[in-house]
Amino acid sequence: MVEPITPAEVLSRFIMQTNWYKPSDNCARYAAFMPNPKNRETSVYRILGISDKEIWEIGDREVGQNRGKPILGRADVGASFVIKKGLNVVPSEPPVRHANIVGWPEEKSEQRLIALELAAEAIFYKK
Amino acid sequence: MTIAMRCTDCTTITHLSQNGFGADHVQLSKFFDDIVKELRKSITLGRKTDVLQSLEDLFEACSEEGWDGNEASPITEDAYLEARKLISNLPINLRMPEVVPEPSGEIGLEWSKGKDRVFIVSLSGKNEIVYAGLFGTNKVHGVEYFGDALPSTILENLRRLYA
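For the protein sequence lines, the chains are L and B, in the order given. As numbered in the working numbering, residues 7 to 133 make up the first sequence, in order. As numbered in the working numbering, residues 4 to 166 make up the second sequence, in order.
Please note that a few of the clues may not be correct.
[Unchecked claim] The list that follows gives simulated cross-link-like pairs (lysine to aspartate or glutamate, DMTMM-like), each with its CA atoms no further than 20 Å apart:
| id | chain 1 | residue 1 | chain 2 | residue 2 |
| --- | --- | --- | --- | --- |
| 1 | L | K28 | B | E113 |
| 2 | L | K28 | B | E101 |
| 3 | L | K114 | B | E131 |
| 4 | L | K44 | B | E68 |
| 5 | L | K90 | B | D119 |
| 6 | L | K44 | B | E74 |
[Said to hold, decoys possible] Some residues of chain L that are not near chain B, with every Cβ distance over 10 Å (derived):
| id | residue |
| --- | --- |
| 7 | N94 |
| 8 | G109 |
| 9 | E112 |
| 10 | E116 |
Quick caveat, the hints were computed from the structure, so don't treat them as lab data. On a predicted model such as this, the values are computed, not experimentally measured, just so you know. Here a beta-carbon is modelled for each residue, glycine too, at the ideal position from N, C-alpha and C.
Take the sequences, apply the hints, and build the full model.
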């Protein structure tokens with residue numbers, strides 16, 4: 007059975023668009039956290055307790071290869087921060103460790119403000 | 004009496020007369036064009052031109068469904084034209100934004116001054132500007148009608164960002 011997500015966990019959002027991160031400030035842009043327009047979910051991976059190498063392997067195998075695009079970086083954010091913003095994180099396996107950020111507000115400007123806050127809080131790692 | 008006549012092919016700061024031929028003229032024309040290109044880049048107009056070019060590149064790259072390798076909606080021509088209009092309407096004393104494709108098919112324009120001082124507007128081609136901003140611990144978000152001129156709320160937030 008998949009364990010529910012705890013606030014202590016860290017979530018990784020893999021980035022494949024060059025204009026979804028800022029090399030000058032070494033941080034992710036808000037658009038990287040915007041939800042999928044079809045289901046209003048943001049796909050993330052639970053990375054607590056695994057090595058940096060394993061995290062990139064998950065990104066390459068489960069995201070990059072599936073979408074036919076290379077992983078350019080990742081933005082890590084605490085689940086507690088996501089929850090504090092009124093969103094929720096739900097496990098969604100397979101693939102292993104996959105989860106979705108759900109509960110995005112309907113209002114477009116509010117969605118973008120939350121995405122800005124997530125991007126500001128996240129730590130960006132360039133691959 | 005002297006009659007003033009309009010010169011249609013005179014050399015100006017951005018136009019070299021076409022009265023010439025041969026390899027030297029071709030080389031001179033190219034040299035002149037390079038100078039004009041550099042001159043344009045060095046002034047505000049040049050920065051605006053660069054952003055408009057980035058916008059065009061983004062529109063080309065993201066006009067098909069799934070451009071993000073997932074389920075992103077295509078960037079529409081209406082959104083592209085509206086973003087173009089907004090950039091063209093920006094006062095010359097303001098910094099130029101970065102263009103950002105959004106998975107919803109809208110175009111974002113982002114101004115930032117550090118990680119937690121960011122202001123964005125989002126355009127869908129429906130005569131509205133969706134905006135959001137982080138100014139340290141303060142935040143704003145909302146929607147403004149976008150007709151012919153840039154709404155004052157947008158300009159005030161941009162000035163606030165760089166104050």
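Which of the listed hints are broken here? 10
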